[in-house]
Amino acid sequence: MTYNRRIENSAEHHEVSALLPWYVNETLGDLDRQRADAHLGVCTACRDDLAVQRRICEAIDAQPAIDYMPVASLKRLQARLDTLAESAPTIAPAKEQPTHRLPWRGWMAAASVAAMAVAVALLAANRFVQTDTRLMQPNYHTVTNSAPRPQGEVIRAVFSPSITLVELETILDEAQLRIVSGPTEAGVYSLASNSTLGVRASLALLRQHSTVRFAEGTLPEPEPGDSR
Amino acid sequence: MTLPVKNSPKERDSALLVAIAAGDRRALEELYLSFHRRLARFLSRFTSRYENVEEIINDTFLVVWQSAKDFRNASQVSTWIIGIAYRTALKSFRRQKNHAAAQSLEDYPEQTVDPTFDAELNDWLNHGLSRLPMEQRLTLELAYHMGHSLEEIAAITDCPVGTVKARMFHAREKLRQYLPALSGAPPGLSARIG
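Chains as they are written, first to last, in the numbering used here: chain A, 597 to 824; chain B, 4 to 197.
Keep in mind that the hints are not guaranteed to be accurate.
[What the hints assert, rightly or not] Covered stretches of chain B (in silico footprint by chain A; criterion: 3 or more residues with CB under 8 Å from a CB of chain A, positions within the stretch not fixed):
1) 13-25
2) 50-60
3) 63-73
4) 76-83
5) 124-134
6) 166-176
[As the list claims (entries may be wrong)] Straight-line C-alpha distance at most 30 Å; calculated DSBU-like pairs for lysine-lysine:
7) A:K671 - B:K72
8) B:K13 - B:K72
9) B:K13 - A:K671
10) B:K94 - B:K72
It is worth saying that the hints were derived from the structure and are not from the lab. Quick caveat: nothing in here was measured; it's all calculated off a predicted structure. Backbone N, C-alpha and C fix where the C-beta goes; we use that ideal spot for every residue, glycine too.
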């Protein structure tokens, strides 16, 4: 094994390589930066990759961006906040309506007012709940979700948090799979097949690894006798 | 409410958020205006429709208004706000079924790349970026466009640092395969996408 090959196979190489984007944007802490500097001094592959990442970063940074005038947008936000604020006090006075003070002949009218107030309160509450539900984040993760399935996805898998990128690539190569999306916040990868190996065979290869925590096909199982 | 004069942007953001938590609409306006340009420039890289950009920013600040009192200084105010925008944007982009980024790279198995000029390189870079899975592209843009640290991106995306590294690794690998000229391969080489 050559000297360069030994360096590129080392754990230090993989760890520093993973940090290169933040070396480029100059946000690494002192220790990590010194570590990267030391490794870059001896690793040709990382120096080449650093040059590539700098070009990508410069190209992204140099792209013209459109500047928008924020005032009109702010007015629309203020209108939404006004609507929310108006809906809140509508509820409170309705609850405090002193119906016992109304004359007997006003009972029907009072009942109508109360019914309308309840309806408005329910509508306002419903609107608030809808807005709140849409904006609030759930405090749990699911492996499946209603998002459109990524193109070509046949398997969803979760790997051990301790898996290295090299191990992950090796497992995927062996199962002849490639990543089409992810990992999600829950650590879920969407995988597509790279060959005609078949989903079952790929799943079996994945599941024999202890670092694969979860692996399931996303397509319906073929019917018995189905030759596919 | 009269806001105390603060020197650094971080202190100013924190003071504004305290005022917002107390119901100060003027503080919300000030924070909105100070973040709008940054967020709009970032979001407009993913969608060309300004109404989408505005909707994401306004949804973000509605959450800021409603949740300011729950902010516990576990991160910087800017990281917290960009994190809200990130999640709002991710949901919005996923709703747009025709969004180009929802397409996988495998939709384009063969591309001939010959970035002789920088302008062409930028075009191809945009082409490659738009075909990355959304989580990977957002991670790349948060680092290279917004200049966030690894730890900040982990906080923004509410993911472990290892997940951020993995997303960045896959994004870099795909871009490298998509743009062989960047990695020193001869121009005109067919890029195998995968």
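Proximity test - 8 Å, beta-carbon atoms, the region 50-60 of chain B to chain A, at least three hits = holds (count 4)
Given the hint that K13 (chain B) pairs with K72 (chain B), test it: the Cα-Cα distance must not exceed 30 Å.
-> holds (17 Å)
Between K671 (chain A) and K72 (chain B), does the CA-CA distance stay at or below 30 Å?
-> Holds. K671 (chain A) to K72 (chain B) sits at ~23 Å (cutoff 30 Å).
Residues of the region 63-73 of chain B with Cβ under 8 Å from chain A, three needed, outcome | holds (count 5)
In terms of beta carbon proximity below 8 Å, does the region 166-176 of chain B have 3 or more residues touching chain A?
-> holds (count 8)
Given the hint that K13 (chain B) pairs with K671 (chain A), test it: the Cα-Cα distance must not exceed 30 Å.
-> Given that 30 Å is the threshold and the Cα spacing comes to 25 Å, the pair holds.
Checking C-beta pairs, does the region 76-83 of chain B have three or more residues closer than 8 Å to chain A?
-> violated (count 0)
Could you grab the alpha-carbon distance between K94 (chain B) and K72 (chain B) and see if it respects the 30 Å cut-off?
-> holds (24 Å)
Quick one: see if chain A covers the region 13-25 of chain B, three-plus residues with Cβ-Cβ under 8 Å.
-> violated (count 0)
Confirm or reject the coverage of the region 124-134 of chain B by chain A under the rule of 3 or more residues with a beta carbon closer than 8 Å to the chain's beta carbons.
-> holds (count 5)
Taken one by one, the earlier hints fail for this structure at numbers 1 and 4, listed in ascending order.
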